[in-house]
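The listed protein sequences correspond, in order, to chains A and R. Per our numbering, the very first residue in the first sequence carries number 1; after that it's consecutive. Per our numbering, the very first residue in the second sequence carries number 1; after that it's consecutive.
Hints are computed from structural coordinates only; laboratory data are not their basis. Since the structure is predicted, the reported quantities are computational estimates derived from the model, not experimental observations. Treat the hints with care, since some could be wrong.
Remember, identical chains collapse to one label, so a pair may be satisfied in a single copy or spanning two.
[Claimed, not checked] For lysine-lysine, the following DSS-like pairs were computed, each having C-alpha atoms within a straight-line distance of at most 30 Å:
1) Lys-243 / Lys-534
2) Lys-482 / Lys-610
3) Lys-484 / Lys-610
4) Lys-146 / Lys-262
5) Lys-566 / Lys-356
6) Lys-568 / Lys-482
So the chains spell out like this:
Protein chains: 2
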Amino acid sequence: MLTYHRLKSEKLPLYDYEPWQIREKTFTIRNNHHNETIFSLGNGYMGLRGTFEEDYQELTGQSTPGFYINGIYENEEIIYGEFAPKQPKYYQTMVNLMDWEKINLYIEDEKFNMLKGEIIDYERVLNIKKGYLKRTLVWESPQGKKVNLDIERIISFKHIHLGAIRYEVTPLNFSGMIRFFSELSGDVKNHHHLRNKRALSIIDKGIKDGKLFLLMKTNNSEISIGCNIENTLINLNDNSITKTDIVNKKEIKEVFEIDCKKGRSYQLEKLASFYSSKDIPKEDILYQCEQDINLILKNNGFSYLKKEQVNYLNNYWKYSDVQIEGDKSLQQAFRYNAFQILQSTGRNGETNIAAKGLSGEYYEGHYFWDTETYIIPYYIYSHPEIAKKLLSYRYKILDKARDNAQRMKLKGALFPWRTINGKEASGNFLGSTVQYHINADIAFAIYKYVKATDDKEFLYNKGAEILFETARMWLSLGHFEKLKDNKFCINEACGPDEYKPAANNNCYTNYMAKFNLQFAVEAYKELKAKKRDKLKEIKYIINLFDREVSKWEKASNNMYLPYNEKLKINPQDDSFIYKEDIDIENIPIDQLPLVNNWHPLTIWKYQVIKQADVILLMLFMGDK
Amino acid sequence: MLTYHRLKSEKLPLYDYEPWQIREKTFTIRNNHHNETIFSLGNGYMGLRGTFEEDYQELTGQSTPGFYINGIYENEEIIYGEFAPKQPKYYQTMVNLMDWEKINLYIEDEKFNMLKGEIIDYERVLNIKKGYLKRTLVWESPQGKKVNLDIERIISFKHIHLGAIRYEVTPLNFSGMIRFFSELSGDVKNHHHLRNKRALSIIDKGIKDGKLFLLMKTNNSEISIGCNIENTLINLNDNSITKTDIVNKKEIKEVFEIDCKKGRSYQLEKLASFYSSKDIPKEDILYQCEQDINLILKNNGFSYLKKEQVNYLNNYWKYSDVQIEGDKSLQQAFRYNAFQILQSTGRNGETNIAAKGLSGEYYEGHYFWDTETYIIPYYIYSHPEIAKKLLSYRYKILDKARDNAQRMKLKGALFPWRTINGKEASGNFLGSTVQYHINADIAFAIYKYVKATDDKEFLYNKGAEILFETARMWLSLGHFEKLKDNKFCINEACGPDEYKPAANNNCYTNYMAKFNLQFAVEAYKELKAKKRDKLKEIKYIINLFDREVSKWEKASNNMYLPYNEKLKINPQDDSFIYKEDIDIENIPIDQLPLVNNWHPLTIWKYQVIKQADVILLMLFMGDK
């Protein structure tokens with residue numbers, strides 16, 4: 001995974017190096033796609049791109065609105081260039097759900113649009129410490145009306161089904177009519193990946209008891225998603241407001257017309273709640289959405305959510321912050337990343353961390369081994385309860401990993417490369433399967449988690465079964481090779497470096513497999529010594545015999561570990577050092593990244609690496 | 001290529017071992033698909049499956065009618081499971097063209113159908129010596145009417161645009177009305193490969209001057225194909241015939257009604273001619289079809305075609321027959337194959353030999369390196385003029401092979417793995433590109449052709465340019481590897497064995513590349529000595545300098561040639577001998593062939609071979 005894309009539109013930095021915030025100081029439409037990602041909000045359950053409340057998408061093509069719930073995907077059959085047996089059958093693609101953040105503002109007959117009139121003052125701030133997004137601006141309309149706008153947005157960490165927007169308007173140089181158009185739209189589509197970009201059908205919609213509601217369903221995977229929205233004008237008596245409901249075929253709107261006075265502020269609060277059939281029975285979705293909103297309304301709405309948000313993050317930062325002196329850029333980058341990780345992480349044991357978090361559609365919302373390798377270590381030492389949930393996800397999909405091993409005529413379990421629901425979802429001919437090291441990465445994460453927390457219950461109840469099944473996979477994948485002193489060799493595998501798939505004895509893979517096998521043996525012995533009944537239960541369930549465990553030990557002890565005596569290095573695999581040198585300095589910039597511009601075979605023949613491979617191994621197993 | 005499929009429906013042999021024919025002695029509908037292939041006729045330009053004249057397809061699902069013209073294909077965009085750059089963009093799929101062999105016979109109101117009534121006598125013979133297909137049978141209708149049928153079919157080798165059927169009926173126990181329904185149908189589709197199976201649109205159709213005509217066009221590749229048909233009742237005066245024309249939306253029919261007398265024979269001759277816009281301008285197609293038929297009609301029709309066919313084949317067998325004593329099966333197999341090769345071979349320098357000939361749709365009518373490796377040697381020593389045409393095809397597509405090299409960031413020319421029009425047409429992630437050895441196979445065929453014929457003109461005018469461009473490809477593909485004594489190594493390549501794609505130093509590939517480079521150097525030196533002007537011209541055209549030729553020589557002389565001192569063998573590649581042994585005897589039969597049942601990665605990790613690899617090398621380079 002992890003392809004590096006250069007930002008072409010602007011030279012970095014786009015934002016000042018500030019310790020606790022990301023601040024955009026001027027509005028620049030050509031940076032909008034980028035900013036929609038940077039200013040996205042999420043809470044692990046759902047995520048909303050930093051798309052402005054007012055319309056720009058159709059006007060400019062510079063906007064990609066997106067709202068996602070972690071784990072909600074659409075299936076689509078994978079079409080291959082040529083048939084090969086046992087390839088994965090269906091894509092899983094995270095679905096762009098209802099568009100709910102839209103609020104258009106009319107000042108008399110002029111529609112607020114930052115591309116028209118004049119922006120006198122502008123600032124957009126993502127407050128990392130407190131967890132909200134705020135835009136403040138003074139705008140003068142083409143006809144000369146000035147307004148101050150103050151717009152805040154929250155996706156609640158505590159109330160994970162809730163998002164909210166607080167939209168404040170202050171007429172600066174006029175009194176007159178303003179109108180809010182607050183929308184909930186089912187007219188949505190995916191921007192990437194799906195052949196049929198319209199993954200959703202509208203099942204129900206309307207306005208009931210002052211709440212906009214919308215129930216949708218994915219066409220193939222048949223997951224239902226519902227939303228309720230309540231719009232409230234704060235501190236206004238109903239006499240000064242005219243309210244109109246509009247229910248169109250694919251969208252619902254509430255229009256508020258207010259006779260405004262110069263200098264006074266008018267606030268619209270938009271509360272939105274979301275549930276899916278992954279959470280509760282589909283019949284209860286809309287009811288539960290309503291209940292959630294009512295609860296917040298009772299508690300003072302947006303202000304309450306914001307207060308709770310600050311509390312939540314105070315607690316998060318207590319255990320997560322790292323203070324870096326002397327490098328403001330790094331300080332900001334660390335905190336932004338720590339915040340984004342929290343925004344992205346599914347914490348219910350059923351979901352995980354999508355490659356792009358919940359901020360966009362690339363990588364289809366898929367979970368990779370990056371979770372165990374790059375993110376779980378962070379949680380282990382800051383929020384081990386989250387690390388445990390993420391590892392529990394692997395236990396949850398263990399059955400599907402068993403099916404995946406069977407697909408490859410392997411024993412035990414083989415965890416998928418890309419997945420949401422546990423099944424392999426990649427249409428990449430080799431990539432979908434060849435990164436067997438995922439098994440060991442998960443085993444290694446379990447090891448680190450248990451070592452740091454001493455959470456033996458997790459090891460006994462979930463970890464051990466994962467370890468045994470992954471160890472089984474290794475034993476069936478490799479073999480004792482007579483031409484290599486009967487060492488245990490693993491052929492046709494890919495390490496972290498995806499530019500060398502299907503190599504023999506990838507160094508990272510073999511070392512990590514050795515670890516996986518050994519840790520499985522140790523866990524087995526520990527269970528035997530301390531939890532005989534539990535071991536008996538697991539052995540019964542997975543039909544495990546002692547002789548198999550001996551074989552794991554033998555394979556681990558006799559693992560072939562590539563080392564070149566002449567060069568005194570651990571070569572990446574059996575053939576890497578015999579590849580042609582690449583003259584990387586002289587590759588024209590328009591051919592980078594190579595993965596997007598060169599045929600795979602062209603890349604493979606060079607000593608060029610996509611991801612750190614032996615380097616990563618040194619980090620994990622440097623002591624070996 | 002070349003996947004072995006077992007014939008499940010019947011135990012072999014289906015036919016007696018006879019020296020000059022294939023004879024079906026009983027009609028068995030469940031063997032029909034198989035027999036349609038075995039009894040197919042062709043002449044290198046076009047091919048017709050051995051489908052019966054009367055309808056069975058819709059009745060039984062046991063029939064796959066097919067008529068093909070060599071080189072007529074439809075394009076369709078390749079969809080890949082996941083994007084990778086520089087992959088081939090379009091499929092080329094041989095198109096199932098108009099259905100023209102259909103003749104339905106009615107005896108009073110009973111439609112002739114071998115699945116009804118009783119077959120009293122039956123024989124179908126493919127006469128290999130004389131080049132025609134003949135079916136003879138006595139059939140008793142459900143109502144007790146007996147007829148003798150005698151049906152012959154020819155695809156003319158001499159008049160390559162013509163095919164003909166002679167259909168003779170003899171009422172054995174009755175006098176009465178019989179009717180022939182002779183059809184020409186545009187209601188056709190491909191049976192395999194294309195997503196949109198309907199590749200053709202009807203442009204024009206009708207009956208004019210007693211001829212049925214039909215003009216069609218492929219939807220994407222925009223190739224026009226036309227047909228004329230003339231039906232003639234032999235030795236009958238018009239008084240005894242009633243003729244009706246039927247022009248439907250997608251098909252044209254002529255119906256002949258004859259008042260027959262018991263014991264007398266009635267013969268319908270159906271002559272058909274075909275041209276495409278690959279042959280002549282599309283405006284002239286139908287006119288030229290008409291002219292071709294008129295010419296044959298003037299010359300006594302079917303009998304004339306048959307006489308010419310026998311003459312043609314007499315001449316062919318004079319140079320091609322091999323008499324084998326003591327093994328009737330082998331004798332028959334040899335002649336059948338020699339006949340099928342002739343039927344399949346495009347001989348106009350613009351077309352080649354499709355993997356399944358012109359007998360069916362598998363492999364999409366694609367040309368592979370099998371032509372140079374397995375078939376050209378046969379022609380070199382029997383019909384060198386055909387070998388020359390086949391090699392000229394490679395010269396014709398040289399420009400596209402240059403584009404193909406460029407696609408892979410290689411120099412010179414890289415011939416495609418699968419093609420009709422010269423562009424690579426495979427959607428196989430690796431297969432589409434990795435068999436670089438094709439270049440050397442072509443060079444080797446040129447070598448053998450020139451050596452056997454001493455056709456230096458071909459070498460100078462076409463061969464040399466191919467050799468130089470293929471040599472260039474090798475030099476850019478491989479490199480001198482410092483860790484292997486600066487030997488010239490070729491990595492990430494696939495030999496004939498497709499179960500080991502992307503191996504380093506495939507033995508077959510390296511030996512053949514060495515030969516290719518060396519032969520290019522020799523050709524260069526010979527031209528320099530004997531045809532300086534021609535060499536100058538080529539060098540100018542392809543921008544070739546002497547220093548490049550020196551590098552070819554250096555690479556050839558220093559080619560890394562895999563040899564294992566310990567095992568005293570030429571290993572297939574750098575890693576083959578370190579793969580796991582496969583227990584081939586214990587693979588359940590339902591998992592064969594592996595290529596259709598195991599994931600490629602599962603196969604690759606074993607020492608199992610799809611095509612002879614080192615073995616084939618031993619055949620070619622045994623003396624080396």
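Evaluated hints:
1. Lys-243 / Lys-534: neither (63 Å within a copy, 88 Å between copies)
2. Lys-482 / Lys-610: between (32 Å within a copy, 23 Å between copies)
3. Lys-484 / Lys-610: both (29 Å within a copy, 25 Å between copies)
4. Lys-146 / Lys-262: within (10 Å within a copy, 106 Å between copies)
5. Lys-566 / Lys-356: Neither: 42 Å inside a chain and 51 Å across chains, both beyond 30 Å.
6. Lys-568 / Lys-482: both (24 Å within a copy, 16 Å between copies)
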